[in-house]
Amino acid sequence: MILHVMVAQVTGPHRLRLKFNDGTEKVVNLLPLLKGPVFEPLKDPSYFARVSVDPLAGTVVWPNGADFAPEALRELPAVGDPGERAA
Numbered sequence: 000m001i002l003h004v005m006v007a008q009v010t011g012p013h014r015l016r017l018k019f020n021d022g023t024e025k026v027v028n029l030l031p032l033l034k035g036p037v038f039e040p041l042k043d044p045s046y047f048a049r050v051s052v053d054p055l056a057g058t059v060v061w062p063n064g065a066d067f068a069p070e071a072l073r074e075l076p077a078v079g080d081p082g083e084r085a086a
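Last residue of the sequence shown: 86 (numbering that gives the first Met the number 0), numbering continuous.
Possibly wrong hints are sitting among the right ones.
Pair by pair, the computed Cβ-Cβ distance ranges are [claimed, not checked]:
1) 43 x 21: 27 to 35 Å
2) 73 x 34: 16 to 24 Å
3) 45 x 16: 17 to 25 Å
Just so you know, the hints here were simulated from the structure itself, not pulled from any lab data. Where is the CB? At the ideal position from N, CA and C, for every residue including glycine.
With these hints in hand, go ahead and build the complete structure from the sequences.
See below:
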């Protein structure tokens, strides 16, 4: 099965509640990944909140073209997991 994000909901600055097509659900913190020019606008919480899911690719996207693959998001620790780095 090809992994897709089905739902992405903003739960706080730089955090998303994600639901994947494999049944996994978790909240992740994206702030540690926001490096580079294309991700700079996402550091602004109001812009970050403009997130959507590309229905064809199953990726998380923003209007400026920034996106994250489902596989990368699935590998992130859930907020509150011991592996989560403080932001």
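Quick rundown of the hints versus the structure:
no.: 1; hint: 43 x 21: 27 to 35 Å; verdict: 31 Å, holds
no.: 2; hint: 73 x 34: 16 to 24 Å; verdict: 19 Å, holds
no.: 3; hint: 45 x 16: 17 to 25 Å; verdict: 18 Å, holds
Against the hints set out earlier in the document, no violation occurs for any number.
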